[in-house]
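> Top to bottom, those sequences are chains A and B.
Residues 1382 to 1711 (the working numbering) are what the first sequence spells out, left to right.
Residues 1382 to 1711 (the working numbering) are what the second sequence spells out, left to right.
Warning: the hint list may mix true and false statements.
[Said to hold, decoys possible] Each computed DSS-like pair below joins lysine-lysine, with the alpha-carbon atoms no more than 30 Å apart:
(1) A:LYS1450 to A:LYS1485
(2) B:LYS1561 to A:LYS1626
(3) B:LYS1588 to B:LYS1561
(4) B:LYS1450 to B:LYS1422
(5) A:LYS1485 to A:LYS1588
(6) B:LYS1450 to A:LYS1683
(7) A:LYS1710 to A:LYS1691
(8) A:LYS1489 to A:LYS1422
(9) A:LYS1710 to A:LYS1412
(10) B:LYS1710 to B:LYS1683
(11) B:LYS1622 to B:LYS1683
(12) A:LYS1622 to A:LYS1592
(13) B:LYS1609 to A:LYS1683
(14) A:LYS1561 to B:LYS1683
(15) B:LYS1683 to A:LYS1479
(16) B:LYS1683 to B:LYS1615
(17) B:LYS1479 to A:LYS1683
(18) B:LYS1626 to A:LYS1561
(19) B:LYS1561 to A:LYS1561
(20) A:LYS1412 to A:LYS1691
(21) B:LYS1479 to B:LYS1609
(22) A:LYS1622 to A:LYS1422
(23) B:LYS1683 to A:LYS1485
(24) B:LYS1619 to B:LYS1691
(25) A:LYS1588 to A:LYS1626
(26) A:LYS1489 to A:LYS1479
(27) B:LYS1418 to B:LYS1479
[Unchecked claim] Counterexamples of contact, computed for chain A against chain B with all Cβ distances above 10 Å:
(28) GLY1426
(29) GLU1469
(30) ARG1516
(31) VAL1587
(32) ASP1607
(33) THR1695
[Stated by the list, open to error] Residues from chain A that face chain B, not an exhaustive set, calculated with beta carbons under 8 Å:
(34) GLN1389
(35) ASN1464
(36) ASP1466
(37) SER1467
(38) GLU1488
(39) GLY1515
(40) ASN1544
By construction, these hints were calculated from the structure, which means they are not laboratory data.
Virtual Cβ for every residue (Gly too), placed ideally from N, Cα, C.
Protein chains: 2
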Amino acid sequence: MAETLSKQDLIVGVDLGGTKVLAGVFGSQLKLVANSKISTKPERGYAAVVERVARVVADTVDEADLSLKQVRAIGIGAPGAVNPDSGEVIFAPNLRWKDAPLKKDLEKILGIPVFVENDCNVCILGAHAVEYGGRPRHMAGIFLGTGIGGGLILNGELFGGFNRTAGEVGHMVIEVGGPKCSCGNRGCFEALASRTAIFRRIAEAVKGGGKTVLTEMLGPGEEYADLKSGDLRKAIRKGDKLVEKIIEDSAEYTGIAVANLINIFNPEVVVLGGGVLDALEDEMMAIIVATARDYAMAGTDKGIEIVASKLGDTAGITGAAVLARRGSKA
Amino acid sequence: MAETLSKQDLIVGVDLGGTKVLAGVFGSQLKLVANSKISTKPERGYAAVVERVARVVADTVDEADLSLKQVRAIGIGAPGAVNPDSGEVIFAPNLRWKDAPLKKDLEKILGIPVFVENDCNVCILGAHAVEYGGRPRHMAGIFLGTGIGGGLILNGELFGGFNRTAGEVGHMVIEVGGPKCSCGNRGCFEALASRTAIFRRIAEAVKGGGKTVLTEMLGPGEEYADLKSGDLRKAIRKGDKLVEKIIEDSAEYTGIAVANLINIFNPEVVVLGGGVLDALEDEMMAIIVATARDYAMAGTDKGIEIVASKLGDTAGITGAAVLARRGSKA
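Construct the complete structure from the given sequences, taking the supplied hints into account.
Structural data, given as structure tokens:
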């Protein structure tokens, strides 16, 4: 493979999460050549995490029998607020970072240009460029995971708005007075439909006397929140009505959020992704689409696609590679 | 005045509503020279309304001792779905219109170029161009009246999205399972905070034993919904606690809607207008701003202005004039 790639033709995409760091090596046509992961260990502090990111990048390139000298640029999707111009992570509670000069420090270690963006912005960039060949002029993404994030493509470009924070769809209030959200408010979409919300509702239902097969899946000392999205799918396939109902509710809330985006912003494509949706696509997508079309104003959703991303857990590294390719061309 | 205006230097802006048609004659610097109104009488049918629009335009120009020959272009803000390219009103339930070729028919009568847009789009265009000199790159408008509409300016231009229906903020769901909306869904912002919603809530409160001074203002056979936004202001100033509480709720819902727009779209300016806000600005704005800042994610509202439009009931004719000026320059 190395022979077919000319010098500095490689792009590395990094998906930096609170738990793990994924890295992927891509050819110039964004074909994934190799990928690997490492745990983040944010408790060791900023410098240690930067060193781990550098290590997983180097290891992934080496694993594919390639050299760092062949890498033209590195893209990183980071959680929280990011300044893409300076490459600083302004605030990332998951990582315990504030004003972290990630681009500068990583470039110092690796000697390769680094581009940093918010993780959800990177995911919509990847879906837009790779799944849709960059065609839709206006596109929105909703990513259902531990939290809920989103991103907007507008006139073919990532849209940041005035403070570069556009796309925070998880904190759109859709149920005034609803459950408390991690942001401090009530009734946010994230507090109703994220993995955190789903497991909170399961725990509450069990407290209220409900029965679920998930209880048998718990290890010693484990809580429902320690389970994975895949466990929810397994439970539903075993006929678990409690989990099925809560996932259906979550899909309905998501459909309403999609309709809100269609009514306000009227994108050509709404793409859904994230760990919860990747695991439960078969259970959720039909409900999401039907609810969204029901709540969209008559005529506003005509011709609009509402689809699940096929990128799965490579969405982050793929989008980060798109970011790096664009940045290093400019 | 006529002497200071050169030939074809005038613009006419028309605000076409379900009840009345306002027309304003503007100089090229968008200074309002004269304005007047006529009732719409949609029950007389499409052709009769077009004739009435032509008449109010001609009468307003004549009233200012000017001639139709001096008019370069006419802009119209029309309710409902509009195709600005063809100048057709695709669907306007208030007017009972479907696929109405307004531009073509009015140009035939008056012999002057006509430009048509959705009424809320026209209002945000007016606020952006006249109140902000066209400066903000991204701006959102929310207009509280009988219903609730909105509009978006993106990169300095009116944003229509894929189906040209962007900005339907009134049908953003903010209270899942909430009160029924005219669109058929539940919990839309319009069903919670519009004038219709306010009077519905007042009527319900009175039915439940609540007392309001509005009851004394009702004429024989009149319902609360027949009252005006100004009557709500009068009631509050007389110390009416029932009306005060309902208007406070309405302002809170509006603040949440503003925060949703800030979280999703992050505009530089959010401008509020419409008959309800024009009448109740002193009672509502402080609550709207405080609630919006409370619900906006930390950091996302930094430097963002949340303001009431000063255009009042000239917002529609002013924005329509901006539309016509732009269209006739292009």
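> Are the hints correct? Go through all of them and say.
Evaluated hints:
Simply put, LYS1450 of chain A and LYS1485 of chain A have alpha-carbon atoms about 18 Å apart, close enough for the 30 Å limit, and the pair holds. Among the hinted pairs, LYS1561 of chain B with LYS1626 of chain A is consistent with the structure: their alpha-carbon atoms are about 24 Å apart, no more than 30 Å. For the hint pairing LYS1588 of chain B with LYS1561 of chain B, the CA-to-CA distance comes to about 18 Å; that is within 30 Å, so the pair holds. A distance of roughly 28 Å separates the Cα atoms of LYS1450 of chain B and LYS1422 of chain B; the hinted pair therefore holds under the 30 Å criterion.
Of the pairs offered as hints, the one joining LYS1485 of chain A and LYS1588 of chain A is violated, with about 49 Å between alpha carbons and a cut-off of 30 Å exceeded. Between LYS1450 of chain B and LYS1683 of chain A, the direct Cα distance comes to roughly 41 Å. Violation of the 30 Å bound is thereby established for this hinted pair. Annotation: proposed proximity of LYS1710 of chain A to LYS1691 of chain A holds, straight-line Cα distance about 26 Å (limit 30 Å). At most 30 Å may separate the alpha-carbon atoms for a hinted pair to count; LYS1489 of chain A and LYS1422 of chain A meet this at roughly 21 Å.
For the hint linking LYS1710 of chain A to LYS1412 of chain A, the alpha-carbon distance of about 17 Å falls within 30 Å, and the restraint holds. A distance of roughly 36 Å separates the Cα atoms of LYS1710 of chain B and LYS1683 of chain B; the hinted pair therefore is violated under the 30 Å criterion. Annotation: proposed proximity of LYS1622 of chain B to LYS1683 of chain B is violated, straight-line Cα distance about 34 Å (limit 30 Å). For the suggested pair LYS1622 of chain A and LYS1592 of chain A, the alpha carbons sit about 9 Å apart, so the restraint of at most 30 Å is met.
A hinted pair counts as satisfied when its Cα atoms are at most 30 Å apart, and LYS1609 of chain B with LYS1683 of chain A does not qualify at roughly 36 Å. Between LYS1561 of chain A and LYS1683 of chain B the CA atoms are separated by roughly 23 Å; this keeps the pair inside 30 Å, and the hint holds. Annotation: proposed proximity of LYS1683 of chain B to LYS1479 of chain A holds, straight-line Cα distance about 17 Å (limit 30 Å). With a CA separation close to 35 Å, the supplied pair LYS1683 of chain B and LYS1615 of chain B exceeds the 30 Å bound.
Our distance criterion of 30 Å between C-alpha atoms is met by LYS1479 of chain B and LYS1683 of chain A, whose separation comes to about 17 Å. Proximity of LYS1626 of chain B to LYS1561 of chain A is assessed by CA-CA distance (about 24 Å); at most 30 Å being required, the pair is judged to hold. Restraint check for LYS1561 of chain B and LYS1561 of chain A: satisfied, since their Cα atoms lie roughly 25 Å apart, inside the 30 Å limit. Between the alpha carbons of LYS1412 of chain A and LYS1691 of chain A the distance comes to roughly 15 Å, so the proposed pair stays at or under 30 Å and holds.
With a C-alpha separation of about 29 Å, the suggested pair LYS1479 of chain B and LYS1609 of chain B falls inside the 30 Å cut-off, and the hint holds. Taking the CA atoms of LYS1622 of chain A and LYS1422 of chain A, the gap is near 37 Å; set against the 30 Å cutoff, the hint is violated. The suggested pairing of LYS1683 of chain B with LYS1485 of chain A holds, with an alpha-carbon distance near 26 Å, which does not exceed 30 Å. Among the hinted pairs, LYS1619 of chain B with LYS1691 of chain B is consistent with the structure: their alpha-carbon atoms are about 25 Å apart, no more than 30 Å.
Distance restraint check for LYS1588 of chain A and LYS1626 of chain A: the Cα-Cα separation of roughly 16 Å lies within the 30 Å cut-off, and the hinted pair is therefore satisfied. At most 30 Å may separate the alpha-carbon atoms for a hinted pair to count; LYS1489 of chain A and LYS1479 of chain A meet this at roughly 19 Å. The straight-line distance between the Cα atoms of LYS1418 of chain B and LYS1479 of chain B is roughly 24 Å, inside the 30 Å bound, and the hint therefore holds. No beta-carbon of chain B comes within 10 Å of the beta-carbon of GLY1426 of chain A; the shortest separation is about 23 Å.
Even its closest Cβ contact with chain B, about 13 Å, leaves GLU1469 of chain A beyond 10 Å, as expected for a residue assigned away from the interface. For ARG1516 of chain A, the requirement that its beta carbon stay farther than 10 Å from each beta carbon of chain B is met, with the minimum near 12 Å. Distance check on VAL1587 of chain A: its Cβ is at least 23 Å (rounded) from any Cβ of chain B, clearing the 10 Å threshold; non-interface status holds. With a minimum CB-CB distance of about 27 Å to chain B, ASP1607 of chain A clears the 10 Å threshold, and the non-interface call stands.
For THR1695 of chain A, the non-interface assignment is confirmed: its Cβ lies about 26 Å from the closest Cβ of chain B, beyond the 10 Å cut-off. The criterion of a C-beta within 8 Å of any C-beta in chain B is not met by GLN1389 of chain A, whose closest approach is roughly 34 Å, and the hint is violated. The interface hint given for ASN1464 of chain A is violated, since its Cβ lies 11 Å from the closest Cβ of chain B, which is over the 8 Å cut-off. Because the beta carbon of ASP1466 of chain A sits about 16 Å from the nearest beta carbon in chain B, more than 8 Å, this interface hint is broken.
With a least beta-carbon distance of about 15 Å to chain B, the hint placing SER1467 of chain A at the interface is violated under the 8 Å criterion. Checking GLU1488 of chain A against chain B by beta carbon gives a least distance of about 26 Å; that is not within 8 Å, so the hint is violated. Hint status for GLY1515 of chain A relative to chain B: violated, with the closest Cβ pair at about 16 Å, above 8 Å. For ASN1544 of chain A, the interface hint holds, the least distance from its beta-carbon to any beta-carbon of chain B being 6 Å, beneath 8 Å.
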